[in-house]
Amino acid sequence: MKQEGLKYFTDTHLTGMGLLIFFIFFVGVLFWVYRKSSTEIYHKMEQIPLQDGE
Amino acid sequence: MKTTGNLIEKIFYDDDIVKKFTLATMVWAGAAFLFGLIAALQLAYWPLNANLEWITFGRLRPLHTNAAIFAFAGNAIFAGIYHSSQRLLKTRMFSDLLSKMHFWGWQLIIVAAAITLPLGYSHGKEYAELEWPIDIAIAVVWVIFGLNFFMTIRQRREKHMYVAIWFYIATIITVAVLHIVNSIAIPVSFLHSYPVYAGIQDALVQWWYGHNAVAFFLTTPFLGLMYYYVPKAANRPVYSYRLSIVHFWALVFIYIWAGPHHLLYTSMPEWAQTLGMIFSVMLWAPSWGGMINGLLTLKGSWHLLKTEPLIKFFVAAITFYGMSTFEGPLLSIKSVNSLGHYTDWIIGHVHSGALGWNGFLGFGMIYFLVPRLWKTQLYSKKLLENHFWLGLTGILLYYISMVVAGITQGLMWRAIDGQGNLVYPDFVETVIRIVPLYWVRALGGLLFLIGFILMCYNIYKTIQLAPKAQEDKAVEVARSGYDEVGGTAHRKLEGMGFLFSVLAFLAIAVGSIIEIYPTLSLHKYVRPDSITDPYTPLELAGRDVYVKEGCYVCHSQQIRPIAAEVLRYGKPSTIEESMYDHPFQWGSKRTGPDLARVGKKYPNLWHYSHMVDPRAVTPKSIMPSYPWLAEKDADFLSLRKKLSVMKMVGVPYADDVVANADIHAQKQAQQIAADLEANGSPKGLEKKEIVALIAYLQALGQKGKAQ
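Protein chains in written order, with my numbering: chain A, 1 to 54; chain B, 1001 to 1707.
Hints listed in this document are in silico derivations from the structure and should not be mistaken for laboratory results. Fair warning: there could be bad hints in the mix.
Listed below are the simulated SDA-like cross-link pairs for lysine to any residue, each with C-alpha atoms no more than 25 Å apart in a straight line [stated by the list, open to error]: (1) A:Lys44 <-> B:Leu1007; (2) B:Lys1010 <-> A:Gln47; (3) B:Lys1620 <-> B:His1610; (4) B:Lys1299 <-> B:Glu1385; (5) B:Lys1473 <-> A:Gln51; (6) A:Lys44 <-> B:Arg1479; (7) B:Lys1589 <-> B:Lys1299; (8) B:Lys1232 <-> A:Tyr42; (9) B:Lys1375 <-> B:Lys1620; (10) B:Lys1334 <-> A:Leu19.
Every beta carbon over 10 Å from chain A, so not counted as near; a handful from chain B, in silico [unchecked claim]: (11) Leu1007; (12) Arg1087; (13) Pro1231; (14) Asn1235; (15) Pro1237; (16) Leu1295; (17) Trp1374; (18) Lys1382; (19) Ile1416; (20) Pro1425; (21) Thr1462; (22) Phe1505; (23) Asp1533; (24) Pro1627; (25) Asp1662; (26) Gln1668.
Quick reminder that beta carbons are idealized off the backbone N, C-alpha and C, glycines included.
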């Protein structure tokens, strides 16, 4: 029956699309995050929890 | 870059709401752990079911899981979110009234659950058992929480949203989507409803929900808490802020797809199973990235373990996060899953997550919060140490005993001798073998509970000895980050709460839609020549009893296409067989055998004797007795309404069957009662619940032309 289900299932382009969206997005995030120019801002961001004076 | 504002304001954080949620966490944790311990003892020693329907395992287990997830973990999340968000965003919560409505609404929901679940009002879907009026209340309270949170973000003074806030946003959005989609049901009466989904659809939607309840209720919010409280406790920033961003997006994108790993080897189409497995395996990377990030935050601060022992809880919690997120993908690999699924291995796995990760992180957070909230010192670090070691020993005993029990039983189920026969054809043999391990598990749970009681005393004394005059102290805050110039698009995105939320929503929507959409066209999978017949009215009444008693907690209805399974239970289950099952009852654990093809396997009298006292037919059985089923009248009157609702959701009942449902049911009940009586059971059972249940059990695997 599973094989039957697979046979009738014709929307594989949806899963392919999902993979593509995911992959492009992931590479995009890596690219964004590891750019050298962002070091300063991340240094500032990581200090936020420590600056509430408590 | 100019980052400081020139205006310094004095504001008051709302710590009263944090105190309330903290105390509620403690109260409900006690309840959840106690229910769990009783349930564990019931499995080791069945007489503890006490022949009381309200505390029988089938009803107690949903109470335990709901209490642990939504009452204990829920309140812990809220306490942490309300505390950390105000400080990260440099503003008081948007509305004290909304905060209070959130708090009291949530406690009311928990109380409603604690009343309805023991009474047997249940959807029959794991971790989504609560009936429709409570479901609506959950949605309303969640929206109140969301509104309060997003408006707080809007009025923040710190433009840059720290990564913990991102995790909270993803939690709020995703839990709302999951809860609403999975809970859609048509009411039959005030406390009864049928889900609109059936069979495979219901299975996929339920485990998309169920898995992501783990992901977005027990993981992302706790990661947010980790990213705030671990740096706070260690007084140093997170090891790598960059890694935390990758951790966030990778988790949000991948987690949502992993649900089908709960349905491997079922009749769900192969493509969805493969999808679930692959995405689960991919989760290894971001999960471990996050774990390493959490642990390395303590790099250079390990000496604090001596002076600040609460950090031990954080270290252990993050380690358990790593262990469970290693084991989860492992169990999602189909060949491993074929051994582990339906066994106690899974129970061990979820408890290393729930007790180790959620429990210990929650405890660490509370030990951190209470002295600060009540402006005092912790009463006793020694007691904290003792709590830690007792709890840790408890978890390890629990985990190891369950993994051993699971693997042992899984291997016994699949053992086949040289002639191709099952080595252990009697299911109960495989149960008796692991009962000693159930005692070890209960001991582990007891140690964990004793540790928690030490914590209660410690927290009680801390608050008792705190200064009586608890004046709110104003904090000085300045607007920050709003006067930057030349920020890149990415910087802007991180500062824009609304757009960020939309993107997070899109991330979870992509996976959800691609995964769920195809099963909405169920007809593609169904072969017309093997169409199933709907349940008769009496069988449906019996099915409602099955759901009410929580039979799905210990019995599956899904035979996998695995040789040993086919030998034991019959041919593999098909999609058609559950196409009219609202809700599906495939189950996730086999404390007792699978029931998908139990119909006609035993005579009616066997079922009668078995329900009244399982030991009468299976001497070593650990199943509770259900004597009340032979005493309580079945509800035939509501059958017309029930069938009409079933018809509304797509079950093809003829009009005259709906109109005369009760009469049809009575007729069939009389036949079964007459058969029972002829074979020696007491007279007058035709009105009783047990006859309806027998009708249902005898129909399992027996409906339709294919049989």
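Comparing the hints with the structure gives:
Only pairs whose Cα atoms come within 25 Å are accepted, and Lys44 (chain A) paired with Leu1007 (chain B) is accepted, the gap being roughly 20 Å. A C-alpha spacing of about 21 Å is found between Lys1010 (chain B) and Gln47 (chain A), which places the hinted pair at or below 25 Å, so the restraint holds. Annotation: proposed proximity of Lys1620 (chain B) to His1610 (chain B) holds, straight-line Cα distance about 12 Å (limit 25 Å). A C-alpha spacing of about 21 Å is found between Lys1299 (chain B) and Glu1385 (chain B), which places the hinted pair at or below 25 Å, so the restraint holds.
Proposed proximity of Lys1473 (chain B) and Gln51 (chain A) is supported: the alpha carbons are some 17 Å apart, at most 25 Å. Proposed proximity of Lys44 (chain A) and Arg1479 (chain B) is supported: the alpha carbons are some 14 Å apart, at most 25 Å. Taken as a hint, the Lys1589 (chain B) and Lys1299 (chain B) pair is broken in the structure, with Cα atoms around 41 Å apart against an allowance of 25 Å. Proximity of Lys1232 (chain B) to Tyr42 (chain A) is assessed by CA-CA distance (about 17 Å); at most 25 Å being required, the pair is judged to hold.
For the suggested pair Lys1375 (chain B) and Lys1620 (chain B), the alpha carbons sit about 57 Å apart, so the restraint of at most 25 Å is broken. The hinted pair formed by Lys1334 (chain B) and Leu19 (chain A) meets the criterion: a straight-line CA distance of about 21 Å does not exceed 25 Å. Once the 10 Å rule is applied to beta carbons, Leu1007 (chain B) is consistent with being away from chain A; the minimum gap is 17 Å. Not every beta carbon of chain A lies more than 10 Å from that of Arg1087 (chain B), the smallest distance being close to 4 Å; the non-interface claim is violated.
Some Cβ of chain A comes within 10 Å of the Cβ of Pro1231 (chain B); the nearest lies about 5 Å off, and the non-interface call is violated. With a closest Cβ-Cβ approach of about 7 Å to chain A, Asn1235 (chain B) is found to fall inside the 10 Å limit, against its non-interface label. With 10 Å as the threshold on Cβ separation, the claim that Pro1237 (chain B) sits away from chain A is violated: the shortest Cβ distance comes to roughly 4 Å. Look at Leu1295 (chain B): its CB is around 16 Å from the nearest CB on chain A, clear of 10 Å, so calling it non-interface holds up.
For Trp1374 (chain B), the non-interface assignment is confirmed: its Cβ lies about 14 Å from the closest Cβ of chain A, beyond the 10 Å cut-off. Annotated as non-interface, Lys1382 (chain B) keeps its C-beta farther than 10 Å from every C-beta of chain A; the closest such distance is 25 Å. The beta carbon of Ile1416 (chain B) is kept farther than 10 Å from every beta carbon of chain A, the shortest such distance being approximately 23 Å. No beta-carbon of chain A comes within 10 Å of the beta-carbon of Pro1425 (chain B); the shortest separation is about 26 Å.
The Cβ of Thr1462 (chain B) lies farther than 10 Å from every Cβ of chain A, with a closest approach of about 17 Å, so its non-interface assignment holds. Interface exclusion of Phe1505 (chain B) from chain A stands, the closest Cβ pair being 14 Å apart, more than 10 Å. The Cβ of Asp1533 (chain B) sits about 18 Å from the closest Cβ of chain A, beyond the 10 Å cut-off, so the non-interface label holds. Pro1627 (chain B), annotated as away from the interface, keeps every beta carbon of chain A farther than 10 Å; the closest lies near 39 Å.
Here Asp1662 (chain B) stays apart from chain A, with its beta-carbon at least about 35 Å from theirs, past the 10 Å limit. With a least beta-carbon separation of about 30 Å from chain A, Gln1668 (chain B) lies farther than 10 Å from that chain, consistent with its non-interface assignment.
In summary, the structure is inconsistent with hints 7, 9, 12, 13, 14 and 15 from the numbered list given earlier, while agreeing with the others.
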